[in-house]
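Colleague: First to last, the protein sequences are chains A and B. Going by this note's numbering, the first residue of the first sequence is number 1, and it counts up by one from there. Going by this note's numbering, the first residue of the second sequence is number 1, and it counts up by one from there.
Bear in mind the hints are in silico, worked out from the structure with no lab data behind them. None of the values given here were measured: they were computed from a predicted structure. Check each hint, because a few of them may be wrong.
Just the calculated beta-carbon pair ranges, DEER-fashion [to be verified]:
(1) 139/B to 113/A: 45 to 55 Å
(2) 196/B to 367/A: 31 to 41 Å
(3) 358/B to 271/A: 46 to 56 Å
(4) 302/B to 83/A: 40 to 50 Å
(5) 131/A to 358/B: 16 to 26 Å
(6) 337/B to 203/A: 48 to 58 Å
By construction, the Cβ of each residue, glycine as well, lies at the ideal position given by its N, Cα and C atoms.
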Amino acid sequence: MVADFRGGNALAKSTYRISLLSEVDLEGWRDHARRLLQGGVAPDQVTWTVEGRGNSGELDLSPPAAFPEQSSDQIARPVRISKTLLSLINSALLHSNEDRFDLAYRLLYRAQSVPALHRNPADADVLKLNRYAKAIRRDIHKMHAFVRFRKIGASEGREQFVAWFEPDHHITEAVAPFFRNRFTGMDWLIVTPGASIAWDGQKLSVGPGGCKEDVPQEDVVEAEWRTYYANIFNPARVKINAMKSEMPMKYWKNLPEAELIPSLLEQAGTRVEAMVAGAPDDRLFDSRTDEPAADRPTSLDQLYALLEQQPDAPRDKFSDRLIHGIGPDHADIMIIGEQPGDQEDREGKPFVGPAGQLLDRALEQAHIDRQQTFLTNAVKRFKFTPRGKRRIHETPNVGEINYYRWWVEQEIRLVNPKLVVALGATAARSLTGKAVTISRHRGEILPGPDGRSILITVHPSYLLRIPDEQGRQVEYAKFVRDLQLADNFVH
Amino acid sequence: MSKLDRSEKLAILADAAKYDASCASSGSVKRNSAKSGGIGSTGGTGICHSYAPDGRCISLLKILMTNYCMFDCLYCINRSSSNVRRAAFTVQEIVDLTLDFYKRNYIEGLFLSSGIIRSPDYTMEQLVEVARRLRVVHKFGGYIHLKTIPEADPELLKQAGQYADRLSINIELPDDESIARLAPEKDGKLIRRTMDNLGKKVREAKAERKSSRKAPLFAPGGHSTQMIIGADASDDAKILTTSDGLYGSYGLKRVYYSAFSPIPDASSNLPAQAPPLLREHRLYQADWLLRFYGFSVAEIMQGGSAGQLDLNIDPKLAWALQNRARFPVNINLADQESLLRIPGLGGKGVGKILQARRFTALRLTDLERICQSVKKILPFITTVDWHPGKQLDSLNLYDRLKPPPEQLSLFPA
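Bound conformation, chain A alone (with noise of 0.2 Å):
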């Protein structure tokens, strides 16, 4: 701090010049403030100026003015200031303005014969101090908020990390405890142009300002945190200007995510358009097999006994036994599954294994009479390979079940139902012609060729393999969701 009353009085304006050491020599401030209001110096006769700032040349020409001479009781004389007065001056003081010191004193002066002056939120001065100060706040929120640290290393087993930022006013000093209480567990420096803070696991430093070029320009973790930013944006709610309020365009330089923003609103317009045009998939039938040579059938029995004599059916790996479909020859619903079981094809009836038996149990849950349902399968005979006693069951390939689509065709048609159910992607393959994702189309009463509505669902061998028992709950209750929705299609 340096007192810098010179004598004389010839330019009458500022009699007092006051030097203070630095930008944030609030100290030295308040030391000539509190001599100068003992003097009772009038604000209109002091200038203000700080050391090196290099904008004082026409100010020294301003003769040196001699300090009043104080009386005993001008000395004595208590200086009178509320603290919320003087916490909002030494807020505002760190404003970048260089009028803020002359504003403050002002102020301090008008407040010694009106105490509760900053309270008038009316007032000019204290309407310009609140101002100040609340540009300070912002400033300082928004370095709490906008400094990127990247790491440059580790040192015993502590991380270092430096950033890079730019102030508007000088609040690097001030924020230091607030990155040393956020960041304790690890080394850091802040470099901006007028100050650089550091803390070391033991103290904090404040050293010289320094430029961008000093501070590493990239960071591993960099990549993700832009990945992260793309990725939370929602095109279907641009609000450029609620953004650029809060994070104005002139931070944008010194943040990495930033650099995203010109592309992200470029496309956002077009993903918007790609949402609401992605309706659901309504190519989801594919053309019908071939017939193979032989008349079609003009009931069950004939069916089945013709798929008796194929020659060419797909034997290898399979049964001998074919497994007939069973219900009534008219039901409103007609269910498919994918092959007979184990079971199944001991007993020559499709459903009669433990899948079968959840079917059931789900069926009544959803107030289906199963005896006034269709039940049959996508592929009629059993595929299993086998293993010791055990026939272990082996899912049908593609030509497999394409091989049987245009017998279950001929089954459809000579039921008639009203709905068609598949359960499991065998089922839904068969009737579709294409490989279908059951979990997409599940739940939903989709239109069919010839205009037949089919429900695609799970199939029950799924339930059963769920190995958690709360899992197995929701997806029951899901299936059996499923069945009513087809029980209240039908009536």
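We have chain A; now place chain B onto it with these hints.
Modeller: Using the frame of chain A, we list chain B on its own:
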């Protein structure tokens, strides 16, 4: 399928989380790492570390643990029948990612939600384990918000509250019938029961903290919920009544309104439509009136028609136009409650007016220094040098006050 790396998972699971409106990281206890030597602090208010081009603040790493889900809620992009790409983070991946981002000062903490995999309990256990590892193993002092799963064991909820600053359970839709229809695995009653349970625990823990500073914390930032707007036919009156009930009954900190977004691969049972963003905005304004301005739902709805808020003007202005007899309000004499009802004047402005009145009888020039926009409030006030005259009785006041029509943009932004 080849294994996804952390960055690919992040892309999928951040995308999946963006429909969650909540982003607040405020209102918890004050905490910092100075004592623990760890990383992280929370202050009174959260910090927004970035903003997305949709204008929303990015304060927390908001991700799903996984977007696999066995539930099939129609409005949700992650429902089991949706065709989106799926991914799942491991517990440790989330912990590492949170710390990596936090140490670079990208975020205030973690907002973790998840699709339901294997079982509600299993999923909740994983979420709690992420929070536990962060807090206990890594001495993480940042903000943690966990989405709780109503179907999970209450014991898990208790654990979640020990580590998280805030818990939330999404109410999803304003009435149980809509929940049953659009979110068939969910149960409105169960959601409210869990919410009630949560509210009680938060209250109890707060009371205990008052008598003993060593009492354990339980979600000190309180709990919140989210409602999807526009996915069902509920009107604004219904929505606000539900919110009002939630605030009153369960002590919720916030109800978030999330305009139903046209989502990729939407269910064909929901029409693809532009999101009713303005409606969402009006609901937030109305919600604000409920919580901070002493309005009742019935009063707010006076300004609307047929159960819907007026989209042209904000709900406070709409209410004022229906209640013109209560205006003009004398700025220099009116009590705080009447001042708060002046459209265009907020809590801060009212506070300043009350302060400034002690010094002087206010004139328009004084108000100009205090208020955001004097022009807006002019028809509703009197000062020493201003009276609106017969403006309030004029039939075209509504048209004059509503914002001028805007040219719609062909190319947003």
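Colleague: All hints, please: hold or fail.
Modeller: Here's how the hints hold up against the structure:
Between residue 139/B and residue 113/A the beta carbons are some 53 Å apart, a value that agrees with the proposed interval 45 to 55 Å. About 34 Å separates the C-beta atoms of residue 196/B and residue 367/A, a value consistent with the hinted range of 31 to 41 Å. For residue 358/B paired with residue 271/A, a C-beta distance near 55 Å keeps the hint of 46 to 56 Å intact. Checked against the hint of 40 to 50 Å, the C-beta distance between residue 302/B and residue 83/A comes to roughly 45 Å, which is consistent with it.
Checked against the hint of 16 to 26 Å, the pair residue 131/A and residue 358/B passes, with Cβ atoms roughly 21 Å apart. At roughly 52 Å, the beta-carbon separation of residue 337/B and residue 203/A lies within the given 48 to 58 Å, and the hint holds.
The structure fails none of the hints (numbered hints given earlier).
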